[in-house]
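Visitor: So you can see what is in the structure, the chains are spelled out below.
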Amino acid sequence: MIELFDNLALGLSVAASLDGLFYCLAGVTLGMLVGVLPGIGTMATLAMLLPITYHLQPNFALIMLAGIYYGASYGGSTASILLNLPGTATSAVTAIDGYPMAKSGKAGVALFMTAIASFVGSLFGVMLLSLFSVPLARLALEFGPQEYFALMLLGLIAAAFIGSGRPVRSLAAVSLGLVLGLVGLDLNSGVARFTFGFPEFYDGLSLVAVAIGLFGMPEIIASAGRRIRTQASARDITLRSMLPSKDEWKRSAMPMARGSGVGAFFGALPGTGGVVATFISYAIEKRVSRNPEAFGKGAIEGVAAPEAANNAAVQSAFIPTLSLGIPGDPVMAIMLGVMMIHGILPGPNVISGSPDLFWGLVVSFIIGNIFLLVLTLPLIGIWVRLLAIPYHYLFPVIVTFICIGIYSVKFQVIDIYVLLAFGFLGVGMKLLRFEVAPMLLGFVLGPMMEEYFRRALVVSGGNLATFLERPISGVIMVIVFAIIGWFGVRALLRLVTAGGSRTNAKTNA
Amino acid sequence: MRGILANRSSDLIGGLIALAIGAYIVLEAFGFRMGTLRNMGPGYFPVLLGAVLALMGLLLIVLGSKEKPFGAGSMGTLRGMILLGSAFLAFALLIERAGLVPTAFITTFLASQSDVRMTLLSGAILALATATGAFVIFNMALGIQIEAFPS
Numbered sequence: 001m002i003e004l005f006d007n008l009a010l011g012l013s014v015a016a017s018l019d020g021l022f023y024c025l026a027g028v029t030l031g032m033l034v035g036v037l038p039g040i041g042t043m044a045t046l047a048m049l050l051p052i053t054y055h056l057q058p059n060f061a062l063i064m065l066a067g068i069y070y071g072a073s074y075g076g077s078t079a080s081i082l083l084n085l086p087g088t089a090t091s092a093v094t095a096i097d098g099y100p101m102a103k104s105g106k107a108g109v110a111l112f113m114t115a116i117a118s119f120v121g122s123l124f125g126v127m128l129l130s131l132f133s134v135p136l137a138r139l140a141l142e143f144g145p146q147e148y149f150a151l152m153l154l155g156l157i158a159a160a161f162i163g164s165g166r167p168v169r170s171l172a173a174v175s176l177g178l179v180l181g182l183v184g185l186d187l188n189s190g191v192a193r194f195t196f197g198f199p200e201f202y203d204g205l206s207l208v209a210v211a212i213g214l215f216g217m218p219e220i221i222a223s224a225g226r227r228i229r230t231q232a233s234a235r236d237i238t239l240r241s242m243l244p245s246k247d248e249w250k251r252s253a254m255p256m257a258r259g260s261g262v263g264a265f266f267g268a269l270p271g272t273g274g275v276v277a278t279f280i281s282y283a284i285e286k287r288v289s290r291n292p293e294a295f296g297k298g299a300i301e302g303v304a305a306p307e308a309a310n311n312a313a314v315q316s317a318f319i320p321t322l323s324l325g326i327p328g329d330p331v332m333a334i335m336l337g338v339m340m341i342h343g344i345l346p347g348p349n350v351i352s353g354s355p356d357l358f359w360g361l362v363v364s365f366i367i368g369n370i371f372l373l374v375l376t377l378p379l380i381g382i383w384v385r386l387l388a389i390p391y392h393y394l395f396p397v398i399v400t401f402i403c404i405g406i407y408s409v410k411f412q413v414i415d416i417y418v419l420l421a422f423g424f425l426g427v428g429m430k431l432l433r434f435e436v437a438p439m440l441l442g443f444v445l446g447p448m449m450e451e452y453f454r455r456a457l458v459v460s461g462g463n464l465a466t467f468l469e470r471p472i473s474g475v476i477m478v479i480v481f482a483i484i485g486w487f488g489v490r491a492l493l494r495l496v497t498a499g500g501s502r503t504n505a506k507t508n509a
Numbered sequence: 001m002r003g004i005l006a007n008r009s010s011d012l013i014g015g016l017i018a019l020a021i022g023a024y025i026v027l028e029a030f031g032f033r034m035g036t037l038r039n040m041g042p043g044y045f046p047v048l049l050g051a052v053l054a055l056m057g058l059l060l061i062v063l064g065s066k067e068k069p070f071g072a073g074s075m076g077t078l079r080g081m082i083l084l085g086s087a088f089l090a091f092a093l094l095i096e097r098a099g100l101v102p103t104a105f106i107t108t109f110l111a112s113q114s115d116v117r118m119t120l121l122s123g124a125i126l127a128l129a130t131a132t133g134a135f136v137i138f139n140m141a142l143g144i145q146i147e148a149f150p151s
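Residue numbers (my numbering), protein chains in the order written: chain G, 1 to 509; chain D, 1 to 151.
Take the hints with a grain of salt, since some may be wrong.
[To be verified] Ranges of calculated distance between the beta carbons of each label pair, as one might list FRET restraints:
#1 D/128 with G/250: 50 to 58 angstroms
#2 G/390 with D/79: 28 to 36 angstroms
#3 D/79 with G/414: 24 to 32 angstroms
#4 D/24 with G/18: 49 to 57 angstroms
#5 D/34 with G/414: 23 to 31 angstroms
#6 G/469 with D/141: 53 to 61 angstroms
#7 D/145 with G/203: 16 to 24 angstroms
#8 D/24 with G/417: 15 to 23 angstroms
#9 D/79 with G/490: 23 to 31 angstroms
#10 G/379 with D/145: 34 to 42 angstroms
#11 D/33 with G/421: 23 to 31 angstroms
#12 D/27 with G/189: 13 to 21 angstroms
Everything labelled a hint here was simulated from the structure, so no lab data went into it.
Predicted model only: the values in this text are computed from it and were never measured.
We put the CB at the ideal spot given by N, CA and C, even for glycine.
Take these sequences, add in the hints, and give me the full structure.
Guide: Here's what the structure looks like:
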């Protein structure tokens, strides 16, 4: 326990330094901003700001990027509630009850409760992060390459099967992503793989260009020319109108607690995360509620629970990322990418090797969440007014800054072509209903996975059963096979029951 | 273009593309040394992955429904796509020749014209503002080593 306080004190010295506070505030404000504005997603923003973080110390780079991530999950609900237009995917559930509340004149209460629920959920997630990361990392020191390979496989399989509704497509995307991660010189043999003769590709494709191409470009292309209706008026929302009644407080307390638990659980699991957590916590609230028919018509429980879940998941997603070096979603993959760029090898040694980085991040989460509470509650009017900024003034500027940012990382023109190529790939994948998130996950994990796979088989003398024989990796592999088996059997059953007609046989393809 | 595509199933097209890319990866990776399971060469892992990708492509082709509509929704306009694409191309072609300020101006201007609501004048004003901002942020504040103007 004393150790924990020492660690938190160390973290405080990083996060509460002038630089720490500045980058934390900058991160959460930017995150809040993009969360509020529909049409600019978290991933796109993170990717756009990546180039700047090359010029920062890794501590502050991560503090800022993380701030954008959880800031956006606060802000995402604002557009959800006021416009029925979720700013982020995780806030889609909030619109179900938040928007009806806004329509019946309770927008202020909904926004207030959202902020409180987000705060509660976040703190719960941070608490778990600070309690479980150290023991988990200690356990992970015993891990051999088999365990790491198995864990990464579990993360990818979970992302492909559970995180998305289309396992076949997602598996294809994951495989392609893994291969794209291998582009460059193979460190063991010196062979240049998939470089098409460009020496610029020898140390791999630029993470920034790939990430912005896949996530940012489809958003920009889709949004250019789209008219976003903005009807929310800031006048309706005064601080007084935001305060919930005693009854509303009472009705929200338990949903918040349950939501935090559900969110923290799914957030920490590799491959699932905020979106899954919000849907499940909403379903739970509806089930345990005494009057489930109120849901969808403005039940405050339906706002409080998913918001707590969403933010708890955002924070607990850092547990596997920081203690094992295994990212659960693309945002975490970016975080790991940034660590690697700064020469920090992700894995269980991060916490013991750079305690200032880990604990600085943990404390910055607490500070950032307090910032967000202040940013949201008294200043909500400003954010609401921001919803009225026409997007067509924003995106040309974004395009130019993306280009400069990517170019400034390595001063290679070819990175712009990579961006363009991945932009078209991202648009094409969206058109054909492939998800880009599992692909980016694969891209970041590719080189690590190959290395662990190789090492595991060298150690075991070419025996594939080694993945099953070791207890921890064996258990993980069984889970992997169970997931594949369950979905496989389900798809087969559906095929059989559909008889000859294939029309509806494979809705999951 | 979308008219022709829309008649085909996205499962079929996606499956064919996945199969083709997977096959390409396998063929290309066979060109590297395979090695054995015990001592893997640079070709081993990519061959496995290419095979998985190709297999998923096959599954999509075989199991896919014939009438699934596209997941398009909002793909923007063709004009938007071309102008946006040319904005990025212009940046790539100009940045090492023309310097940061002219490049930023042209890139922003081209990108702005992909939206029908932007007039030539408002696009130019926005582009001028962006170029100035880029100069202040990247050249003056961050001190990044890009020439501001053609030398």
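Visitor: Are the hints correct? Go through all of them and say.
Guide: These are the hints, each one checked on the structure:
no., hint, result
1, D/128 with G/250: 50 to 58 angstroms, "holds, 56 angstroms"
2, G/390 with D/79: 28 to 36 angstroms, "violated, 19 angstroms"
3, D/79 with G/414: 24 to 32 angstroms, "holds, 27 angstroms"
4, D/24 with G/18: 49 to 57 angstroms, "holds, 52 angstroms"
5, D/34 with G/414: 23 to 31 angstroms, "holds, 30 angstroms"
6, G/469 with D/141: 53 to 61 angstroms, "holds, 57 angstroms"
7, D/145 with G/203: 16 to 24 angstroms, "holds, 20 angstroms"
8, D/24 with G/417: 15 to 23 angstroms, "holds, 19 angstroms"
9, D/79 with G/490: 23 to 31 angstroms, "violated, 44 angstroms"
10, G/379 with D/145: 34 to 42 angstroms, "holds, 38 angstroms"
11, D/33 with G/421: 23 to 31 angstroms, "holds, 28 angstroms"
12, D/27 with G/189: 13 to 21 angstroms, "holds, 19 angstroms"
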